[in-house]
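Protein chains: 2
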Amino acid sequence: MAGVLALAGGVGGAKLVWGLAQILTPDNLTVVVNTGDDDEFHGLHVSPDLDTVMYTLAGMANPETGWGLVGETFQALAALQKLGAPTWFNLGDRDLATHIRRTELLRKGSTLSHVTEQLCQHLGVRCRVAPMTDARVRTTVTTDQGVMPFQEYFVKHRCEPQVKDLVFKGADWALPSPGFDKALREADAIVFCPSNPFVSIGPIMALQGVRQRIELFKGPRITISPIIGGEAVKGPAAKMFRELGEEPSSLAVARRMSGLCTHFVLDNVDAALVPQVVKLGMQVEATNTFMTTPEDKIRLAMFVCGLAGVSLK
Amino acid sequence: MAGVLALAGGVGGAKLVWGLAQILTPDNLTVVVNTGDDDEFHGLHVSPDLDTVMYTLAGMANPETGWGLVGETFQALAALQKLGAPTWFNLGDRDLATHIRRTELLRKGSTLSHVTEQLCQHLGVRCRVAPMTDARVRTTVTTDQGVMPFQEYFVKHRCEPQVKDLVFKGADWALPSPGFDKALREADAIVFCPSNPFVSIGPIMALQGVRQRIELFKGPRITISPIIGGEAVKGPAAKMFRELGEEPSSLAVARRMSGLCTHFVLDNVDAALVPQVVKLGMQVEATNTFMTTPEDKIRLAMFVCGLAGVSLK
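Chains as they are written, first to last, in my numbering: chain U, 1 to 313; chain B, 1 to 313.
Hint data in this document are derived by calculation from the structure and do not stem from the laboratory. One or more hints might be untrue.
Treat identical chains as interchangeable: a pair holds within one or across any two.
[Said to hold, decoys possible] No more than 27 Å apart at the CA atoms, straight line, and that leaves these computed lysine-lysine pairs for DSS-like: (1) LYS108 with LYS169; (2) LYS108 with LYS156; (3) LYS108 with LYS182.
Please read these numbers as outputs of a predicted model, since none were measured by experiment.
Take the sequences, apply the hints, and build the full model.
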């Protein structure tokens, strides 16, 4: 392959990835997705970010919730609750099918990469979607209310506990997945989607050798800031910045990406920050990064591909 | 406990068991259910007969299909099909919750007995329902189209292949479940529900020591014939008799139960067979055994309890 390697977490990343998929040929796009917030519910392996990306690319995602499927029903979850199972993690009936199938194939010996490839194929997703790793990496959040798995922090406690530290258990020894490895070798450009820098991009960067390989990557490496006007479009990124001792801003994001990226894209409302980000050694571009409509997503994807210098379909 | 130990397979057995549950106190009824036709679908442990009995007792069973739940939806199954999974075995969304929960608890180390107890408790089933064994026993059908697991014969091939032999894999070494063992020691009477003598009662009798323990059981042992007028009310029992070389009739059932039972209940339409069954050494009673309405089930249950000599609630 050549083209773009896009690194993504959940909703924000999926939006840009959807835009990229509209303008690049499938063999010019590899999406590598955070699996640090994977977890097991009812004995089933759930990969929230992989599914958000996959469902978004398949046109099945629920645009209102930011998780799950459009037109979803919740009969099984209601029945699980009746049977005494903890049901704070929302799982729709059709979404459950994904987790059931994934778990079955994993138990039979498939890698998460291979399972993801199969699921995408059946859902008609044509570009390559790969987990960041086939190893087990789990994001653990140290908070004022104790240490907890990411989904417990994120869903059960609605990001309310104060974050003191993040640990990506298993990341030190986890190798990039084969698809990630191949894209790191062959891609023309790397795009850091507007995903949470701590818990979406963080786990990917923590994998064995990844940070160094990206630092040494020859082509353009472009970050799209997930912070607009000091706030995250969605999710706890801004709150995490504050709790970890920094004012949330595109500048704070840029500091984290310094050395990793050649280009930094921030929103027009943050144009005043451009000179400071330039000093960090990146080419900086301001544009409209807020995505709601399909046109927004395609427009930002076009902008990014322009910086990446990759040919469109 | 004391009271009745009822041995059951699926639909026919569940009907009589429901009747028994209406007239006996919960501690006077233990239902032991065939698990020879358990199987795994999508990596989930499915116990069709246990679920039919459990759902029937909980008032949740679908009376029209003979399997699954009333008002069931099939969103997950449709999604599994889209993901390339084989979906010839019907699994509704709420039914799936049972299999997901059961599988999770089994994987965590619970026995099938303990899981069944938990599920029943949450569904409000008050009498004791136990699997025949906690060991793995699998009914395998040798047919003119090859050897296949029971559900494949029963559901996928709709009982169409010609049966040449039945094997209850694992039964020789499988001990009765703790609940079955206790009931065999303490019950006042044993009731063989009107279930398929080959694939519902057969696996239970094949367990280690069970046949001998029932032969030596001191109290009444009562069979209700599942064959009425030479035909099974439901399922392949009559077809199996023919294919295994015997005319299907209550007499043929009685021959199989000879030595195991003290009492044999057949339908009024088969009253002419009474003298021949008497010769097999059992007390024979003719009554209306065809159950459709709740009243039918309670009436037959009362009749059986009269023979068993157990006190009603």
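So, going through the hints one by one against the coordinates:
1. LYS108 with LYS169: Result: close both inside a copy and across copies, 24 Å intra and 23 Å inter.
2. LYS108 with LYS156: between (30 Å within a copy, 23 Å between copies)
3. LYS108 with LYS182: Intra 25 Å, inter 37 Å, cutoff 27 Å: intra-copy only.
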